[in-house]
Amino acid sequence: MKVTDKDVAYVADLANLELTEDERARMLRDLNSILEYIERLNELETDKVAPMAQVSDRYGVDESRQGSDRFAYAIREDVKDGLRKSLPHEAAVKNAPDTDGTFFEVPKVIER
Amino acid sequence: MPASAIDGVRSAIAERETTATALAQDFYTRIRQEDPEIGAFLTLCQERALAQAGRIDQLAAEGKPLPPLAGVPVAIKDVMVTSGVRTTAGSKILDNFIPPYDCTAVARLEAAGAVILGKLNCDEFAMGSSTENSAYHAVHNPRDKSRVPGGSSGGSAAAVAAEMAVATLGSDTGGSIRQPASFCGVVGLKPTYGRVSRYGLIAFASSLDHIGPFAKTVKEVALVLRTIAGRDPMDSTSAEVPVPDYVAELEKPVKGLRVGVAKEYFGAGLDSEVRAAVETAIQKLAALGCEVVPVSLPHTEYAIPTYYIVATAEASANLARYDGVRYGFRAKASNLSGMYRLSRDGGFGMEVKRRIMLGTYVLSAGYYDAYYLKAQKVRTLLTRDFDEAFKKVDVIAAPTCPTPAFRLGEKVNDPLAMYLADIYTVTANLAGIPGISVPCGENHEKLPIGLQLFGRHFDEATLLRVAHAYEQSRKSGVGTDAFVRSGERISPMSR
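Top line first, the protein sequences correspond to chains A and B.
What the first sequence shows, in the numbering used here, is residues 99 to 210, in sequence order.
What the second sequence shows, in the numbering used here, is residues 20 to 514, in sequence order.
Note that these hints are calculated values from the structure, not bench results.
Warning: the hint list may mix true and false statements.
Said to hold, decoys possible - Result set (DSSO-like, lysine-lysine): computed pairs, CA atoms no more than 30 Å apart in a straight line:
hint	chain 1	residue 1	chain 2	residue 2
1	B	K372	A	K104
2	B	K410	A	K146
3	B	K111	A	K104
4	A	K104	B	K351
5	B	K411	A	K206
6	B	K411	A	K146
7	B	K411	A	K192
8	A	K206	B	K372
9	A	K206	B	K351
10	A	K100	B	K430
11	B	K372	A	K100
12	A	K146	B	K282
13	B	K372	A	K192
14	B	K430	A	K104
Since we're looking at a predicted model, the values are computed, not measured.
Here chain B stands alone, though its shape is the one from the complex:
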């Protein structure tokens, strides 16, 4: 197995070739050089990072065993709370919010030795597909700075693509990890619902929200998932399902696995170069010994309308807590109800207000059955589609997105066009199944294209295994995967 950047960092520190502190400093230097043109970071937490790096260096100096992610520079989407480090969710309403506790996934990363460099830009409350809804600034795609990085975890994808962090965490409510991974040419995984605790994830739509990792390679994503997965008593929806050693599972053969292909993911609106790249990737999987099997997911076309009812309904309830009383922005007003309204008016951006309005509308008296209940029923149908398909196949292959990264400003004034960017990703959120995006080529403008794979509930192991086998098969001669070259020790400067 080729060395991953994470293993490289850990062994370089263990063998005293570098220190976690020096590595963190290198990454901060790189962030200062690169990020002004990209905009991936909202907040740096140098003090916390260097304290953690110091602890790792201390262990190394004493010759003690290093934890699995020792010294690995990571960064966190700013929707996960970090104790003592400002957490905004990309919103002005939380501009001054300093959380008093840590998100479980963040705490687990740090307990495994990772060094948290800072907090990453995103669409406000993770609502968007381009990161242009950030109340702070847009993120530019490192692969083409005139284009969006995708969203809502645009900062998380861009930071990995620009090598400002080895791995990052994002959140995915309708595609917010997989779509930016595809747009920026990195690997992004949305695990099964319940696989990773949501404790400390600022809620957008609780039945659809997931935390997951980004990295340059599938192996690193597997390492991070192994660290953050598993039951957490602080999240009652986190499942009591054993966490396998995802990294060990990667090496199992893929020969004989059945890969489903659904025509519903290759219909009108799919860019021809994306189609060609994904079809070539599926041929590659066949060449690796997988059996390609046609499957049908007949309700796919209903996924976006279902999603925008369920997600906005849940959001309208979750965002009711921002009222200017206990934390966040408070507007001046002479009475309490005026204070609520003016605080929310002044603190929320347009897309957040739009979704609160839509969600409130579909839940309001007289419309609940027609919209919300209807959507929940269609959600059952969409989930049954996957249940049926997974009786016949082990994974399903599809494009991650209908197009490569679009231009900044291109869709910002047309909410429906923006929503349709998630057409191939929202289904996995509604059904709760895991999905991964792996780079599978470039278009004629050198923009990355992503292959998406879906798996059965809690079968991330097979999903990662197929993704890994595919990645290894196309690795040779691919110049973009700077961290992947076999045996090379990672340094952010050696490029």
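One chain only, chain A, in its complex shape:
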């Protein structure tokens, strides 16, 4: 077993999940089974292989440029006037569980 109860509690905390006792037990079992399967990646030698984060680094890029300049095709000029309208305030708060019409309201953050 690679993942322990303590790891499950730690990761749940990072992920902002509480999880019931039963869910924690299932996570322990499932994460270990999946991670055991994933271990097979270590059969591959990858020291000299570049990581691939995005498919889009494979087309449209200007290889003669460096860094983010390679993605120049996706960059546009700054627009000072005539910006695309953003969502009206009213529409943006319409789905809020709790709002005063101006702000999203949430339970108290700082205890006094």
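Since chain A is already given, all that's left is putting chain B on it; use the hints.
Structure of chain B alone, referenced to chain A:
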């Protein structure tokens, strides 16, 4: 070229043989009759559909030219946002979410005249391979109601198979269009990454997510792709690559094209009847004049572990936004962090939590290099496999899935077994290449089997051409393709 249902609808409306409104009403009647036993729909948007149908009928009445998808009844997987129409992503956490804007692909369909009937059931946040992870209800495969329709776009495949929509949109992060298309006996296409804008697609794994069409025939899929493809300034990963006329391209000959076959897609775990059907399909392609060439994709066995690291890592970040503050479900709690936790605990289902946990784990301090970075490197190797193969061939043929549709409940308690249902499809997501599933026969229980074809980046035209030629070659005598019969005008009732 035989008439497609889409052309049939459009010309029937143009010639005033029917109206878009009558057709939409017919489809709603059919949905009310059929869907209680299938469960493909989560939400119907009759008001929006009839308003659109009215606009089309108005154009027809005035004798004006009709747009390419005029009056075509379509439906949308519930992971694409629709302005004013509830969008849940199959999750309770978005049970009451009414989006304030439209997904680009949906807006483009509607601009082309399509009538959107409603929103389709799916696995929660598109995480699953059977649609059993929907927080609402399961979907039953129209071909055998004791079986799953596949997933996560199970509702999208089932709606087309049961003729409750002429075409649907799904999303595919690891096979979620192609696998259900295979299980339900319809055509499903995952385009190249960047071909179709993801703006308005509720994010699961952003580097792997794709939107694509389902229909009964390759031609209809080509028509829908032509409509939704192309650069969208709202998605910076949508590519500035010209969109060809996919429909015109279908008729080009396939003679001389090279079809690759990789032994890695025919190994242990492949059902013998699926193997036989796919091998017969490849022989058919040879008979059509294609040259069958062996290719090697040596890293294929590493695709599932790579996928479940990359996909869950991205998901854990994407799903951090569901915190009960701005939209969606909020649990009662006395302080803010408690509210986040209880909202997420109460709003997410087990599979979503499992993937958030796995994704958070592989990104957490001390494990990033061992898992996430390692997976990104193997992703490079998997992509190079395809680069090498496509130097020798124009398309690659493989099974879509190792088995036909499995039974409801069969894999629901074994996540790893469920993940392995995607073994032949995740590679195309990791490499970003297009893939299509086309029906290629049935097993002894009359369950559909799918032939999968992969193509080069942005070469959907060749992919669709080969799929179309194959489909035409086996069409005669196939009783399942009700919409395909040459020259027949489509009506949902004439069956």
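**Message:** Hints numbered earlier in the text: which of these fail when held up against the supplied structure?
**Reply:** Violated hints (numbers, rising): 5, 7; every other hint is consistent with the structure.
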